[in-house]
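Student: From first to last, the protein sequence lines stand for chains A and B. All letters in the first sequence, in the order written, are residues 1 to 498 by UniProt numbering. All letters in the second sequence, in the order written, are residues 1 to 413 by UniProt numbering.
Simulated from the structure, these hints should not be mistaken for lab results. Any given hint could turn out to be false.
Claimed, not checked - Derived BS3-like pairs (lysine-lysine); straight-line CA-CA distance at most 30 Å:
1. B:K254 x A:K421
2. A:K170 x B:K78
3. A:K229 x B:K391
4. B:K255 x A:K229
5. B:K261 x A:K360
6. B:K233 x A:K170
7. B:K144 x A:K489
8. B:K178 x A:K229
9. B:K178 x A:K314
10. B:K261 x A:K489
11. A:K489 x A:K421
12. B:K391 x B:K348
13. A:K170 x B:K255
14. B:K178 x B:K144
Each chain, letter by letter, is given below.
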Amino acid sequence: MSGLVMPAPDQSTLSRRAEIVADMRIIVPGEGVVDAVNEMRAFESDGLTAYRQLPLVVVLPETVAQVSRILKYCDDRKIRVVPRGSGTSLSGGALPLEDAVLLVMSRFNRILEIDYPNRTVIAQPGVTNLGITTAVEQEGFYYAPDPSSQIACSIGGNVAENSGGVHSLKYGLTANNVLGIEMVLMNGEVIRLGGKHLDSEGYDLLGVMTGSEGLLGVVTEVTVRILRKPETARALLIGFPTSEQGGQCVADIIGAGIIPGGMEMMDRPAIHAAEDFVHAGYPRECEALLIVELDGPGVEVDHLIGRVEAIALKNGSTTCRISQSEQERMTFWAGRKAAFPAVGRISPDYYCMDGTIPRKELPRVLAGMRELSEQYGLGVANVFHAGDGNLHPLILYDANIPGELDKAENFGADILRLCVKVGGVLTGEHGVGVEKRDLMPEMFNQIDLDQQMRVKCAFDPNHLLNPGKVFPQLRRCAELGRMHISGGKLPFPDIPRF
Amino acid sequence: MTTFTPTSPTETLSAVEWALANESPLEILGHGSKRGLGRPLQTEHTLDLSQLTGVTLYEPEELVLSARAGTPLAEIEKLLADHGQELAFEPMDYGPLLGGVAGRGTIGGVLAANLAGPRRLKAGAARDHILGINAVSGRGEAFKSGGRVVKNVTGYDLSKAMAGSWGTLAVLTDVTFKVLPAAETEVTLAIRGLFDEEAAAAMALALGSSEEVSSAAHVPENLVGSIAGGALKGASATLLRVEGFGPSVAFRTKKLIDLLKNAGPIDEISGDASKALWRDIRDCAPFADGTERPVWRVSMAPSQAHAMVMALRMEEATDAFYDWQGGLVWLRMQADPEADLLRRLVRKFGGGHATLVRANHSLRASLAVFEPQLPALAGLSARLKEQFDPKGILNPGRMVPLGKSATLAASNE
Ligand SMILES: Cc1cc2nc3c(=O)[nH]c(=O)nc-3n(C[C@H](O)[C@H](O)[C@H](O)COP(=O)(O)OP(=O)(O)OC[C@H]3O[C@@H](n4cnc5c(N)ncnc54)[C@H](O)[C@@H]3O)c2cc1C
Numbered sequence: 001m002s003g004l005v006m007p008a009p010d011q012s013t014l015s016r017r018a019e020i021v022a023d024m025r026i027i028v029p030g031e032g033v034v035d036a037v038n039e040m041r042a043f044e045s046d047g048l049t050a051y052r053q054l055p056l057v058v059v060l061p062e063t064v065a066q067v068s069r070i071l072k073y074c075d076d077r078k079i080r081v082v083p084r085g086s087g088t089s090l091s092g093g094a095l096p097l098e099d100a101v102l103l104v105m106s107r108f109n110r111i112l113e114i115d116y117p118n119r120t121v122i123a124q125p126g127v128t129n130l131g132i133t134t135a136v137e138q139e140g141f142y143y144a145p146d147p148s149s150q151i152a153c154s155i156g157g158n159v160a161e162n163s164g165g166v167h168s169l170k171y172g173l174t175a176n177n178v179l180g181i182e183m184v185l186m187n188g189e190v191i192r193l194g195g196k197h198l199d200s201e202g203y204d205l206l207g208v209m210t211g212s213e214g215l216l217g218v219v220t221e222v223t224v225r226i227l228r229k230p231e232t233a234r235a236l237l238i239g240f241p242t243s244e245q246g247g248q249c250v251a252d253i254i255g256a257g258i259i260p261g262g263m264e265m266m267d268r269p270a271i272h273a274a275e276d277f278v279h280a281g282y283p284r285e286c287e288a289l290l291i292v293e294l295d296g297p298g299v300e301v302d303h304l305i306g307r308v309e310a311i312a313l314k315n316g317s318t319t320c321r322i323s324q325s326e327q328e329r330m331t332f333w334a335g336r337k338a339a340f341p342a343v344g345r346i347s348p349d350y351y352c353m354d355g356t357i358p359r360k361e362l363p364r365v366l367a368g369m370r371e372l373s374e375q376y377g378l379g380v381a382n383v384f385h386a387g388d389g390n391l392h393p394l395i396l397y398d399a400n401i402p403g404e405l406d407k408a409e410n411f412g413a414d415i416l417r418l419c420v421k422v423g424g425v426l427t428g429e430h431g432v433g434v435e436k437r438d439l440m441p442e443m444f445n446q447i448d449l450d451q452q453m454r455v456k457c458a459f460d461p462n463h464l465l466n467p468g469k470v471f472p473q474l475r476r477c478a479e480l481g482r483m484h485i486s487g488g489k490l491p492f493p494d495i496p497r498f
Numbered sequence: 001m002t003t004f005t006p007t008s009p010t011e012t013l014s015a016v017e018w019a020l021a022n023e024s025p026l027e028i029l030g031h032g033s034k035r036g037l038g039r040p041l042q043t044e045h046t047l048d049l050s051q052l053t054g055v056t057l058y059e060p061e062e063l064v065l066s067a068r069a070g071t072p073l074a075e076i077e078k079l080l081a082d083h084g085q086e087l088a089f090e091p092m093d094y095g096p097l098l099g100g101v102a103g104r105g106t107i108g109g110v111l112a113a114n115l116a117g118p119r120r121l122k123a124g125a126a127r128d129h130i131l132g133i134n135a136v137s138g139r140g141e142a143f144k145s146g147g148r149v150v151k152n153v154t155g156y157d158l159s160k161a162m163a164g165s166w167g168t169l170a171v172l173t174d175v176t177f178k179v180l181p182a183a184e185t186e187v188t189l190a191i192r193g194l195f196d197e198e199a200a201a202a203m204a205l206a207l208g209s210s211e212e213v214s215s216a217a218h219v220p221e222n223l224v225g226s227i228a229g230g231a232l233k234g235a236s237a238t239l240l241r242v243e244g245f246g247p248s249v250a251f252r253t254k255k256l257i258d259l260l261k262n263a264g265p266i267d268e269i270s271g272d273a274s275k276a277l278w279r280d281i282r283d284c285a286p287f288a289d290g291t292e293r294p295v296w297r298v299s300m301a302p303s304q305a306h307a308m309v310m311a312l313r314m315e316e317a318t319d320a321f322y323d324w325q326g327g328l329v330w331l332r333m334q335a336d337p338e339a340d341l342l343r344r345l346v347r348k349f350g351g352g353h354a355t356l357v358r359a360n361h362s363l364r365a366s367l368a369v370f371e372p373q374l375p376a377l378a379g380l381s382a383r384l385k386e387q388f389d390p391k392g393i394l395n396p397g398r399m400v401p402l403g404k405s406a407t408l409a410a411s412n413e
């Protein structure tokens with residue numbers, strides 16, 4: 001990916017920069033336009049910090065009308081636009097382009113309505129994920145999808161990435177918890193999809209928008225459903241001598257009809273890194289550590305704890321601790337939640353991957369990763385949303401050693417190829433962005449990719465919104481629209497017809 | 001008149017290629033169990049997918065099932081039940097409501113119509129469980145989207161685009177769904193004798209509690225005899241379903257009764273009787289009367305539904321009952337569907353949309369069966385259709401009239 005090729009900057013846009021900045025100041029008066037290089041530095045990358053690029057100009061609108069005018073202005077003049085929420089994307093989705101307006105949604109930071117009878121919250125897109133829960137928790141409610149970045153990431157960014165979290169196994173991803181959005185198309189048109197009702201009308205454009213990585217429209221309002229906080233939650237901390245046993249335990253829990261609130265796994269390097277960092281009492285001798293959290297009414301949780309414990313023992317667990325207090329439950333989680341910074345302590349840099357696999361392939365993929373690790377001479381630690389097969393291998397490297405970043409990226413790409421090979425996918429929740437863009441052909445053939453790009457053509461026919469992301473090769477909509485008609489003869493004449 | 005009955009994805013592709021080369025539109029059919037829903041088609045040729053069958057992958061421990069699009073839903077539900085699993089979104093069966101038989105329908109049709117059932121509040125609809133598809137676009141190209149794993153954000157979610165597209169974007173050949181363990185037990189509480197407004201309050205209270213109510217419906221007195229084999233006759237029933245592991249269900253039921261004890265007398269219905277009851281709600285049994293009297297399916301903000309129905313009744317005699325805490329309103333009209341009146345009221349009471357799910361042929365041909373959209377949204381939908389089916393050969397006119405997009409004048413808002 002270091003050889004990443006972004007769309008060539010449009011020279012005519014670059015040459016008109018001063019004029020564009022001035023026009024932006026007319027649309028967004030006050031402090032909302034940032035064009036000084038030192039101030040734009042804060043926006044030059046997102047959570048994928050290996051890539052940096054200063055934008056043409058940073059614009060922070062405050063109203064939907066401003067967003068609409070900015071987009072229409074840019075559409076009319078063929079100026080590119082990159083939307084940005086909080087900039088925590090791990091795939092470079094919000095990476096600026098030299099010739100693009102960076103449209104930052106962070107001033108859209110208000111909760112517009114809380115409706116308890118319908119259990120919905122309407123928020124502006126710049127409200128943080130945790131901000132929604134904070135707004136309703138005094139009444140005993142919360143917003144279920146909980147990415148680890150939830151104190152920082154925006155709900156608009158969550159929609160764009162279809163983000164998930166530890167609780168997605170039981171409560172779903174962003175897509176399952178968003179009921180409606182308001183969005184602005186590149187041509188400036190404002191559209192509402194869904195609302196407080198459960199089924200959206202016509203085509204499921206809300207479903208298409210969720211996870212579209214800022215390429216189809218700019219989200220200006222989000223309606224989410226909130227849930228009542230479960231009465232209790234308790235966790236089990238279970239250690240296994242092999243990852244196979246850990247994997248089988250996960251399969252057996254689900255096979256027994258139990259869907260835990262969360263089910264996370266860590267491998268030995270991750271266990272050690274976490275234990276050294278937070279001293280959560282993790283068993284160091286294990287190859288696989290499982291945290292299973294059960295939530296609901298106390299009687300249900302107690303009942304299921306017993307069943308999960310029995311399943312763990314049957315699978316040869318060497319330790320099995322059950323949280324006896326809220327504090328102990330938090331301690332079990334402390335190591336898992338600190339896994340990334342913990343790995344950050346044992347290695348100068350780490351690179352976080354995000355493939356998903358069918359769960360049963362875990363031992364094979366872990367073995368494959370060990371081989372690759374030797375081959376590349378780089379360490380890897382694994383944390384894993386075990387319940388839904390989403391792997392987060394953390395590749396350890398040192399960016400100061402020439403060539404190591406490249407090596408880490410190639411290692412990462414090989415891991416993702418392995419995920420696809422065993423029936424999995426390139427990204428479970430972090431998005432394609434620029435990071436996995438050039439790996440898309442591992443999963444899709446040209447027809448598949450062309451059809452996705454045609455969807456883009458329905459929303460943004462000039463490819464002005466966030467170009468250079470997701471698709472390895474941009475093809476003009478006119479070209480994509482051409483048809484090659486074949487097969488005029490009646491097909492399979494030997495089949496009966498009426 | 002040609003009917004193609006492909007038995008493989010390749011044969012499906014050649015049928016579409018043929019239709020495209022001849023610019024000859026196709027009606028896309030599974031079992032045809034929902035053929036009476038939507039605008040009537042006038043296509044010469046039919047693509048019948050009922051022979052494109054078979055479960056191609058089922059791994060209970062991975063919670064995943066793939067099947068050819070024409071596989072009977074009944075066969076899939078049976079297979080899942082044998083393993084203690086189910087499609088958690090409980091796809092409804094339109095057969096009885098539309099004058100057909102029960103138990104028909106294909107898995108492809110489940111997605112194309114984005115079916116759901118009373119568990120919608122908790123478990124979502126077909127769109128929330130689809131993991132991946134293979135399909136043939138109206139361009140005569142076989143494409144895929146998604147995969148077989150739950151967590152997947154690789155590329156646009158074209159599988160969701162198929163949900164509720166009624167065969168107008170692409171012909172599904174394979175679908176992969178997430179499946180879930182079926183609940184061990186279930187109990188339904190029936191609060192008796194509430195008026196619509198009181199029922200709305202009781203349902204909101206129950207769903208706002210931590211007792212994990214998975215379904216909430218209200219059937220007024222005049223219709224309650226037509227569910228549960230008449231067992232609830234005599235007084236309206238506000239129904240709350242609690243599902244899960246035995247001890248948990250018992251505990252939560254008790255807490256709910258405590259919470260709602262002042263609302264009215266409460267009956268407890270469990271096991272198979274509870275299941276049968278929710279099947280009746282799911283399949284709209286109160287209006288499965290063998291007639292063609294207009295039936296509407298209204299999706300709106302749950303807490304506003306009773307007020308909308310009350311306003312409607314000021315102008316028109318209407319039978320109504322509620323599922324999804326009121327988020328789904330089933331309405332049966334005397335003769336005239338009163339489309340404009342109804343849609344105006346839905347907009348007035350918080351927005352949503354109304355679909356004319358049953359009506360005679362001529363009404364369906366002349367009225368907007370699906371909710372008309374504002375111009376910008378209608379334009380976007382039309383462009384999306386164009387990108388999948390530029391020659392309009394797949395179910396042309398099923399959702400919107402040919403040649404124009406069904407729009408609502410902006411001034412209506
Ligand atoms: C430490 C850390 C932990 C993380 N943990 C998780 C995790 O557990 N699960 C998970 O899923 N992700 C995780 N992430 C990734 C990231 O937080 C999510 O992808 C998040 O949803 C991004 O939100 P954001 O507001 O920061 O968006 P940004 O990074 O600003 O943008 C992300 C993408 O969304 C687009 N976008 C943003 N706002 C809008 C809008 N209003 N309209 C249209 N497009 C928009 C951008 O163009 C870009 O393509 C983690 C990231 C970090 C740094």
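Student: Need the status of pair A:K489, A:K421: alpha-carbon distance at most 30 Å?
Tutor: Between A:K489 and A:K421 the Cα gap is close to 37 Å, so the pair fails against 30 Å, i.e. violated.
Student: Please verify whether B:K254 and A:K421 have alpha carbons no more than 30 Å apart.
Tutor: Answer violated: B:K254 to A:K421 is near 50 Å, above 30 Å.
Student: Compare the distance between the alpha carbons of B:K178 and A:K314 with 30 Å, and conclude whether the hinted pair is satisfied.
Tutor: holds (27 Å)
Student: Does the alpha-carbon distance linking B:K144 and A:K489 stay inside the 30 Å limit?
Tutor: It holds: about 25 Å lies between the C-alpha atoms, which stays within 30 Å.
Student: Within 30 Å, alpha carbon to alpha carbon, are B:K261 and A:K360?
Tutor: This hinted pair is violated, its Cα atoms lying about 48 Å apart.
Student: Verify the proposed pairing of A:K170 with B:K255, using a straight-line Cα cut of 30 Å.
Tutor: holds (23 Å)
Student: Please verify whether B:K233 and A:K170 have alpha carbons no more than 30 Å apart.
Tutor: Cα-Cα ~37 Å, so violated.
Student: Would the pair A:K170 and B:K78 pass a check requiring their Cα atoms to be no farther apart than 30 Å?
Tutor: holds (24 Å)
Student: CA of B:K255 to CA of A:K229, is that 30 Å or under?
Tutor: holds (16 Å)
Student: For the pair we were handed, B:K261 and A:K489, check the Cα-Cα distance against 30 Å.
Tutor: violated (70 Å)
Student: Does B:K144 lie within 30 Å of B:K178 when you go C-alpha to C-alpha?
Tutor: holds (17 Å)
Student: B:K178 and A:K229 were given as a pair; does the straight-line alpha-carbon distance stay at or below 30 Å?
Tutor: Distance of about 25 Å is within 30 Å: holds.
In summary, the structure is inconsistent with hints 1, 3, 5, 6, 10, 11, 12 from the numbered list given earlier, while agreeing with the others.
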